[in-house]
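Take the given structure of chain A and dock chain B to it, following the hints.
These are the residues of each chain, in order.
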Amino acid sequence: MAQTETTDISGTTAAPAGTTAPQPERGGVGALLVQALRGNVRQYGMLVALALIIVLFQIWTDGILLQPLNVTNLIQQNSYILILAIGMMIVIIAGHIDLSVGSLASFVGAAAAVMMVKHAVPWPVALVSALLIGAAAGAWQGFWISYVGIPSFIVTLAGMLLFRGGTQILLQGQSVAPFPKGFQKISSGFLPEVGPSTNYHNLTLLLGLGVLALAVLQEVRGRRQAADYGLELLPLGFFLAKLAAVTAAVLVFTLLLASYHGFPIVLLILGALLVAFGYLMRNSVLGRHTYAIGGNEAAAKLSGVKSKRVVFLAFVNMGVLAALAGMVFAARLNAGTPQAGINFELEAIAAAFIGGASASGGVGTVLGAIIGGLVLGVLNNGMSLVGIGTDYQQVIKGLVLLAAVGFDVYNKRKVGS
Amino acid sequence: MAGPVLEMRSISKSFPGVKALSDVSLSVAPGEVHAVCGENGAGKSTLMKVLSGVHPHGSYEGEILFQGEPCTFKDIRASEQRGIVIIHQELALVPYLSIAENIFLGNEHATHGIISWHKTLTHAKALLGRVGLHENPHTRVADIGVGKQQLVEIAKALAKEVKLLILDEPTAALNDEDSRKLLDLILELKAQGISCIIISHKLNEIARVADSVTILRDGRTIETIAVDAQGVAEDRIIRGMVGRDLEHRYPERAPEIGEVAFAVEDWTVHHPIDHQRKVVDGVSLDVRRGEIVGIAGLMGAGRTELAMSVFGRSYGRYAGGRVLLDGNEIRTRTVPEAIGHGIAYVTEDRKHFGLNLMDDISRNISLSALGKVSRRGWVNQHEETRVAESFRKTMNIKAPSVFAETGKLSGGNQQKVVLSKWIFSEPEVLILDEPTRGIDIGAKAEIYTVIAELAAQGKAVLVISSELPELLGMCDRIYTMAEGRLTGEVDRADATQESLMRLMTVSAAIDDEQV
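Sequence order for the protein chains is A and B.
Residue numbers for the first sequence follow UniProt numbering, so the first one is 1 and each next one is one higher.
Residue numbers for the second sequence follow UniProt numbering, so the first one is 1 and each next one is one higher.
Derived from the structure by calculation, the hints contain no laboratory data.
Any given hint could be a false lead.
[Unchecked claim] Computed list of lysine-lysine pairs in DSBU-like fashion (alpha-carbon distance at most 35 Å, straight line): (1) K306(A) to K74(B); (2) K74(B) to K412(A); (3) K301(A) to K372(B); (4) K301(A) to K393(B); (5) K408(B) to K308(A); (6) K242(A) to K408(B); (7) K148(B) to K412(A); (8) K308(A) to K351(B); (9) K308(A) to K74(B); (10) K351(B) to K185(A); (11) K412(A) to K351(B); (12) K412(A) to K393(B); (13) K393(B) to K408(B); (14) K74(B) to K242(A); (15) K306(A) to K393(B).
[As the list claims (entries may be wrong)] Covered by chain A, according to a simulated footprint, are these stretches of chain B (three or more residues, beta-carbon under 8 Å): (16) 346-357; (17) 375-384.
In this text, all values refer to a predicted model and were calculated from it rather than measured experimentally.
From the three backbone atoms N, C-alpha and C, an ideal C-beta is built for every residue, glycine too.
The shape of chain A in the complex, shown without the other chains (with noise of 0.2 Å):
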């Protein structure tokens, strides 16, 4: 079935197309709504209820939604919650959870505001300092968590008040500011203006370009080794129609951004890590043995998967990207202060549930938690556009996650039976 490999694949592009308008995504989701009968129907689920939300909050909002400045703005507010739900979805695939993202992200962003505020430390310096300090914080709860055989419920709870308490102590109780230039443009930069002077953003769109003809031909490549493969492929109208929506999504994205201020830095932080953690959970050998773990444990182990180590890398990993997420939050923000990054671990799992994880573990894909977290994100910010108090957004959130894993239990039950 060539089927889970194209999609797969177009996992690398397919993110940006959610925030697409969407004309062009109609084609698109045709396709994906017949793949859905038989793949990952939570995920394409998901992606169609990702594409109604985006509509329907474009005609309520009178269009606001998808402006130029708004597609930006969305993307830097959500940025940090993405980054920690790529992290979030990796640790309950192999059967566990993370809840001290919050507070290690605040933590981290508190050391590295001290460093270059107090201590004039360069902020390069400072970045490379604070991501090894989120690696040894996951390195700590790994331990106690794979070696040790402590819950992760309970050890990431114990880190969960740690970090946070940690963060008090480092800023005593006071906001540390301001950042250098360099630093805040982790999360407010943009690529530089090049070229000569068009109503576009230029390197934005050669990036747009680039990005397409990779997808492009990484899709076409892909399609030639299946057949040299002798392995059954998509029909040839689909794989075109799939090309075709995966174009018309990146061209119409990357005009949006070339028309603002150009392509956002930590967008492109975002895509690389979406590139980089998908391909890893799907081609690699670590990857494959997170999903045996989490699927069924005492057969990986019989199997040979050296499961102690492999739970404890992805909670390394997590305190790494959870380092990622506090330095572009605090950059975000300017500052270092102890209240940052208060429920970030809650967003984070809500959306790797909403993105198609499972709670036992051993399912779950990447673009699916940037999907649930893009779901959330334009929840969040269509709702405060039109208006809807942060009281009235708590209850609506709750019930989307709710019926979002509601509606995947009752689907599996209904295939089981």
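Frame of chain A; chain B shown alone:
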């Protein structure tokens, strides 16, 4: 006291694809201890589940009369209300509750939902006295041994005013001393007028407590014999148990047997929780290249435990022994080490230990040897798919594609996926644990052919099976195990079902040197 206390008439019960019971009848007289025996899978447990309402009325054919009245139990509670209590082999006690709390669990001395501890404790003490257990009723169940836990189960049954007590292999987990006490208690309860059905395959045990014995085989009643002169009865019981039809055809083999490839020496394993208990006790065996060697044994013989502990210490606590490959001692302390030495273990429980049921066929097949389809840690999915596709063809795995979820396949096809996984790892030694359990006849024949081919390629194959005809049909040599020990080694030419069963039912009491 006219007529039997229990009569089960013409009970038939089917599961999808399998007929577990056909036309089974069982009759228990008042105050009788009635033994039920049969090989693994003969239908004993299913029959007891029908009787106790686990399989509710309507899901089986036939009728049940208890104390002369027809019974239509819809669940286990309904049968307990009539005084039929079943004690399963795996005890159903809550370890962190006290003895007293366990005895009255679901049956509490309470008014309006508030428990009366005075009544509970008084009654618990009385019941503990009846079963001869001298423990404080406040003691946590986790803190007493398995033998005493068994007595707590019986006290729990007495609290429900049991009239017919069903014990499923009650002594399987007990040492000799505890077994003897338990059997005494059964006789005592009998004297108090409580009838008892005991499922057991320890013949000396049956001879000691049972008044009569019913033998099941392949879901049918073979006969019911009165137990008096034990020597005569034992022969008849063994013959009744093993007379299974040779229903399968086994592939013709011309074994070319080479040097000893795989040997286990003096292997001993302790129970993972109860460290005193030896689950495998000083077992030594060997397998030659091109040879298929069987291990026969009944439930609790320690066969799976032996295999799993050799395969990367995946079961229990290692307490001594060596593994040799081609005459050299090897380390198999972790599963990757064992796989690295070319050992493969195909589990008896494919759903829990063999497959990731959420994942597809191709990823299950490649899991134990992912390195063979990857370079520098990156999986070549096309290559992986091609490999899976070729196994799908050669092993005749019936599925729409190699991307089908394994959880949705039939048992036979799941088993073929597990076998493919291990064949793909290119082992030199294959340990196959119940390779044909719960799969249809057609798939069985295909798996026999695969096993024969593996041996013909010069691999050493060890087959654990509860089906004696299968072992006699496939193996060149057969070991027997009972209660964790090796009790015999027989060449196929000399082996019969009767001779194997005799070795499988040897009790440890004969050579007793447990300290």
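Cross-check of the supplied hints:
{"no.": "1", "hint": "K306(A) to K74(B)", "in the structure": "46 Å, violated"}
{"no.": "2", "hint": "K74(B) to K412(A)", "in the structure": "28 Å, holds"}
{"no.": "3", "hint": "K301(A) to K372(B)", "in the structure": "18 Å, holds"}
{"no.": "4", "hint": "K301(A) to K393(B)", "in the structure": "27 Å, holds"}
{"no.": "5", "hint": "K408(B) to K308(A)", "in the structure": "29 Å, holds"}
{"no.": "6", "hint": "K242(A) to K408(B)", "in the structure": "29 Å, holds"}
{"no.": "7", "hint": "K148(B) to K412(A)", "in the structure": "43 Å, violated"}
{"no.": "8", "hint": "K308(A) to K351(B)", "in the structure": "22 Å, holds"}
{"no.": "9", "hint": "K308(A) to K74(B)", "in the structure": "45 Å, violated"}
{"no.": "10", "hint": "K351(B) to K185(A)", "in the structure": "52 Å, violated"}
{"no.": "11", "hint": "K412(A) to K351(B)", "in the structure": "18 Å, holds"}
{"no.": "12", "hint": "K412(A) to K393(B)", "in the structure": "29 Å, holds"}
{"no.": "13", "hint": "K393(B) to K408(B)", "in the structure": "18 Å, holds"}
{"no.": "14", "hint": "K74(B) to K242(A)", "in the structure": "55 Å, violated"}
{"no.": "15", "hint": "K306(A) to K393(B)", "in the structure": "31 Å, holds"}
{"no.": "16", "hint": "346-357", "in the structure": "holds (count 7)"}
{"no.": "17", "hint": "375-384", "in the structure": "holds (count 6)"}
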